[in-house]
Amino acid sequence: MTTTALRHSIWILRGNPLTGVAAAGVLSLIFTAIFGPWIVPYDPIASNVSQALLPPSAEHLAGTDQLGRDVFSRLIVAARLDLAIAVSAVSLSFVLGAVVGSFCGYAGGRLDRTVGRFVDVMMAFPLFVLAMAMVAALGNRVENIIIATAVINLPFYIRFARAEVNVRRNLGWVEAARSSGESHISVVLRFLLPNILPAMAVQMSLNLGWAILNAAGLSFIGLGVKPPTPEWGIMVAEGARFISTGRWWLVAFPGLALMLAVLCFNLLGDGMRDILDPRMRT
Amino acid sequence: MTQPLLKIDNLHVTFSTRRGLVEAVRGVTLAVEPGEMLGLVGESGSGKSVTGFATTRLLDAAGRVTAGEILFRGQDVTKLSGDDLRHLHGAAMSMIFQNPRSALNPIRAVGQQIADAILTHKRISKQAAHAEALELLRAVQIRDPERRMAAYPHELSGGMCQRVMIAIAISCNPALLIADEPTTGLDVTTQKVVMDLLATIAAARGMATILITHDLGLAARYCRRIVVMERGRLVEEAAPTTLFNHPRHPYTKRLVAASPTAHSRIEDLVTEEERGPYVEIVRKPKPPQAPGTPPLLVVQKLAKRFDQGAAAVADFSMTMAAGESVGLVGESGSGKSTTSRMICRLIDPSEGDIVFDGQSIGHVPSRDFHRSPFRKDIQMVFQDPNESLNPRFTAHDCIAHPLKRLVGLREGDALRQRVEECAQRVGLPLDLLPRFPHQLSGGQKARVGIARAIAARPRLLVLDEPTAALDVSVQAVVLQLLDRLRREDNLALLFVSHDLNVVRMLCERTIVLRNGIIVEEGNSRALFDDPKTDYTRELVEAIPHIEIETRLAAAAL
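Those protein sequence lines, which keep their order, are chains A and B. Sequence positions in the first sequence follow the working numbering and run 4 to 285. Sequence positions in the second sequence follow the working numbering and run 126 to 682.
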């Protein structure tokens with residue numbers, strides 16, 4: 004099975020080499036997130052006013068900021084926090100959304116209608132405003148950014164899991180599981196959930212990029228991680244003041260990092276969809 | 126002899142897949158005369174549909190004609206392009222597809238769709254096209270055509286949709302119609318009506334037709350010449366009578382043997398060489414029932430209503446003895462699937478009771494039935510083998526699952542032995558056990574499904590159209606297998622099907638269901654030979670048999 008899966012993946016990658024590039028990008032992002040603090044050339048927090056606002060050079064690849072901190076080092080170290088927020092928020096909404104959505108899709112009826120309307124109401128809200136309000140109310144802490152990001156992602160996971168389970172609930176193998184002595188609950192948890200996981204994984208990958216943007220966005224408007232912690236959103240926010248004086252590198256590099264991270268996750272999601280789509284298999 | 130309308134000469138079609146090139150059609154040569162209906166028969170993967178698609182130039186991007194030519198009125202179709210190709214589609218030849226509902230545009234009224242087809246090829250006003258569309262609906266015998274013009278596909282039944290498809294196909298009076306499994310998925314009675322209509326229209330308008338089908342009986346009823354294909358090759362071409370009485374090619378012999386007729390028995394379904402030890406099992410008399418044994422299953426006044434709608438099943442009662450086989454037949458929507466699921470305790474009846482082995486199980490909620498001691502005694506084989514196996518389970522896991530849950534076996538040698546024993550009983554090669562469903566063929570999946578159902582040694586097996594998705598030769602083997610299991614294990618079979626031929630062979634008694642009500646029941650042979658009600662008679666007469674008396678519907682007109 005693993006060899007055929009591998010061969011299948013290679014076949015897909017040959018038709019869509021961008022997926023390979025995206026996977027490499029995501030892997031290097033994970034690498035920097037784990038080893039960032041050890042590979043950076045400068046201390047990301049120590050200020051050195053004599054070196055302030057230097058343009059990119061061989062010494063400072065992405066220049067320095069108003070306090071003389073190396074922007075490149077800050078970018079590398081920030082990857083861990085941004086990725087940690089995104090991954091924990093997405094995992095949280097995935098677990099909750101998959102379970103709630105699966106049960107709704109399987110049971111149908113009143114439960115499905117109630118949860119469905121609740122989800123509709125949530126989606127009718129401007130989601131970013133909802134996240135802002137939650138962080139403002141709960142307090143300006145990393146856990147609360149994670150919770151807020153998870154909550155605004157939840158409706159998509161519920162809907163997705165619901166739809167995926169709904170098309171499968173009347174298939175023969177689901178009924179067969181019941182006639183083999185499984186209860187409704189174990190049919191959902193042990194039979195339907197594993198089957199929708201591949202499709203959900205695609206959704207997660209697409210969603211990770213969005214979650215990174217969201218966390219950065221919260222920090223940008225000051226509701227989130229506090230300075231001097233290196234974080235892409237704050238770096239953009241702080242650098243924005245210097246654009247008018249031509250210090251573009253303060254904004255451009257964190258912006259580029261955000262864009263690349265989001266792009267890689269999205270491309271990987273698209274590629275995974277091709278790899279996992281059963282119709283692409285023989 | 127005049128020039129044939131269509132002449133296919135040494136056609137080769139190749140598909141490029143990741144495993145390299147696959148030849149779907151390898152050297153097909155055939156000719157269609159004007160006004161003739163030719164049957165193109167073969168099992169799945171024989172290349173019959175690909176031949177049809179190549180003729181209309183509708184092959185998908187991966188397929189390519191690599192050799193040979195397709196001459197339509199002397200012109201090579203494979204070399205057409207642009208305007209000539211557009212004229213070819215619809216005006217010169219047109220196609221009728223297998224699933225009419227998905228071939229029609231769901232958001233456009235059917236009258237509009239017919240008018241669209243006319244306007245593509247004729248320069249006439251919209252009103253004229255509309256009037257012509259109405260005329261066509263009348264021609265395909267749709268009742269109340271004025272009102273139906275504005276109907277959307279989802280408002281029409283499957284048979285109606287196929288009539289609309291026929292109307293679109295004939296709208297520009299093509300010289301050649303290619304019908305690809307036009308009635309697969311329709312009820313037998315609807316099938317007969319649609320095919321009669323197609324034959325009449327083709328004969329009246331002088332259109333040649335290629336009928337692509339897996340059903341030899343259907344081809345025999347409507348075609349004067351049948352071409353049999355196997356794995357991309359044309360193996361035999363003959364008139365139906367010759368084909369059935371003296372098939373020459375070994376594949377045709379197998380196919381003819383496997384196609385049930387009005388008189389065939391289960392043991393007839395394979396050729397003599399393949400029959401082997403099965404005959405002895407069939408000949409063995411049934412062990413007599415000890416007098417006073419209570420029936421295995423008693424169903425009393427069962428009814429089911431979904432939400433507040435009309436009853437799907439009303440007042441259904443039956444009894445079954447151990448080792449008995451009962452057929453439950455009816456058209457789609459007759460409530461046979463609902464009934465079988467209630468008996469299997471997968472859904473709850475609204476009224477009535479089910480007594481199994483002397484104990485009432487109808488009042489145990491289906492939600493809790495998985496804990497009932499009778500769970501392992503009532504098992505089910507599901508309709509489509511492609512959808513009845515968990516994609517994430519290997520064949521071994523599928524068969525082992527009920528053994529773990531219902532028999533309490535743990536992972537280990539004992540479990541493996543039981544699974545292998547089940548696989549052997551259904552004729553599944555043991556080296557297939559580690560495979561996943563998508564690595565198995567349809568017939569192999571069907572066997573896994575049956576092995577899973579018999580794994581816990583049930584006493585009642587409910588079968589929901591277990592052979593509907595299978596090729597006839599595979600169906601023959603599966604039917605023999607079921608019959609053997611019944612005789613060897615004294616297993617009771619409740620066989621739900623719309624295929625009356627199969628029910629007549631497999632079941633001692635038959636129950637005919639219509640709109641959730643039993644219309645007739647009795648000994649299968651008697652019921653089919655001498656039906657008491659009009660409905661049953663209609664059902665029986667609609668079955669296309671490969672009877673030797675060639676009653677050509679088109680010729681009779």
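The hints are simulated quantities; they were obtained by calculation from the structure and are not laboratory data. For glycine and all other residues, C-beta sits at the position ideal for the given N, C-alpha and C. Certain hints may be false.
As the list claims (entries may be wrong) - Just a few of them, taken from the derived set where beta-carbon distance is under 8 Å, the chain A residues facing chain B: (1) G175; (2) E178; (3) G184; (4) H187.
To be verified - Heads up, simulated EDC-like pairs for lysine to aspartate or glutamate below, C-alpha to C-alpha not over 16 Å straight-line: (5) B:K204 / B:E194; (6) B:K501 / A:D46; (7) B:K426 / B:D493; (8) B:K529 / A:D115; (9) B:K247 / B:D209.
Unsatisfied constraints (hint numbers, rising): 6, 7, 8
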